[in-house]
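Asker: Chain by chain, the residues run as shown.
There are 2 protein chains.
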Amino acid sequence: MTTPRKPDGPAGRFAYDGLERVIHEKARLGILTSLVTNPRGLLFNDLKEMCALTDGNLSRHLQVLHEAGLVEVWKGFQHNRPQTLCRLTPDGRRRFLEYINVLENVIADALAAKPEAAAGEELSEGWSPA
Amino acid sequence: MTTPRKPDGPAGRFAYDGLERVIHEKARLGILTSLVTNPRGLLFNDLKEMCALTDGNLSRHLQVLHEAGLVEVWKGFQHNRPQTLCRLTPDGRRRFLEYINVLENVIADALAAKPEAAAGEELSEGWSPA
Chain A
809 MTTPRKPDGP AGRFAYDGLE RVIHEKARLG ILTSLVTNPR GLLFNDLKEM
859 CALTDGNLSR HLQVLHEAGL VEVWKGFQHN RPQTLCRLTP DGRRRFLEYI
909 NVLENVIADA LAAKPEAAAG EELSEGWSPA
Chain B
809 MTTPRKPDGP AGRFAYDGLE RVIHEKARLG ILTSLVTNPR GLLFNDLKEM
859 CALTDGNLSR HLQVLHEAGL VEVWKGFQHN RPQTLCRLTP DGRRRFLEYI
909 NVLENVIADA LAAKPEAAAG EELSEGWSPA
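One line per chain: the protein sequences are A and B, in this order. Numbered per the working numbering, the first sequence finishes at 938, counting up by one with no gaps. Numbered per the working numbering, the second sequence finishes at 938, counting up by one with no gaps.
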């Protein structure tokens, strides 16, 4: 039997304000991770393939990332064909690594949970499902 | 000067399908991290404070988490007052730890980026801003 305890830690302990929303969105997180590991930039079609996105989805997310100042988009030619090249901006790289830093805190917090005190224990009397 | 290279790795390498969307949303990630570190459950007001959420926001996110089978919500009394108790379900705990596992892969990928090859290098000729 178990009853809730007053938690440790200050208010806002789990607010994670540093998780910038424009970066946190799942598809954009994949795009930015691709780009940070490919600092020379990636061609649109390669990026699309690595992130398993459609043309439309990738375009839309790139526009959001570009407007947020995280990504540069260039037009040019390679292998005699018109190409679109995407790259992190220096500011985008810095903000992405800050975001990753906060993500590391989330993981450290989550893994600090005591494994012996698992969910599913019986509640003490007097509680009923909401 | 720099030109993009063909990236390494298989298609979908950065799709991160295991990042379950219901868990990934920023506020819900905070709620679930609070709950996994407090396996006996948390009272609504404590959870609200730790995650720096309003009553309305916390209620809405708890409903989403409850409908997804991640969280239990109980009504009862503590300190002579009606209280709402929130707890991870056993399935919620398992899925959250799976999610954290994928998040660890994202971080490993992001930090594998070679620091010497920073963003902002000059592009080779023939590229212009889109």
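The reader is advised that the hints may include incorrect statements.
Same chains, same label: a pair holds when it works inside one copy or across any pair of copies.
Claimed, not checked - Capping the alpha-carbon separation at 27 Å, the derived lysine-lysine pairs in BS3-like fashion look like this:
#1 K856 <-> K834
#2 K834 <-> K814
#3 K814 <-> K856
#4 K883 <-> K814
#5 K883 <-> K856
Since the hints were made in silico from the structure, they are not lab data.
Asker: Could you run down the list of hints and mark each one as holding or not?
Answerer: These are the hints, each one checked on the structure:
1. K856 <-> K834: Answer is both: 14 Å inside a copy and 25 Å across each meet the 27 Å cutoff.
2. K834 <-> K814: Between copies only: 23 Å across chains, 33 Å inside a chain, cut-off 27 Å.
3. K814 <-> K856: between (47 Å within a copy, 12 Å between copies)
4. K883 <-> K814: Close across copies (17 Å), not inside one copy (56 Å); limit 27 Å.
5. K883 <-> K856: Close inside one copy (16 Å), not across copies (47 Å); limit 27 Å.
Checked against the numbered hints given earlier, the structure satisfies every one of them.
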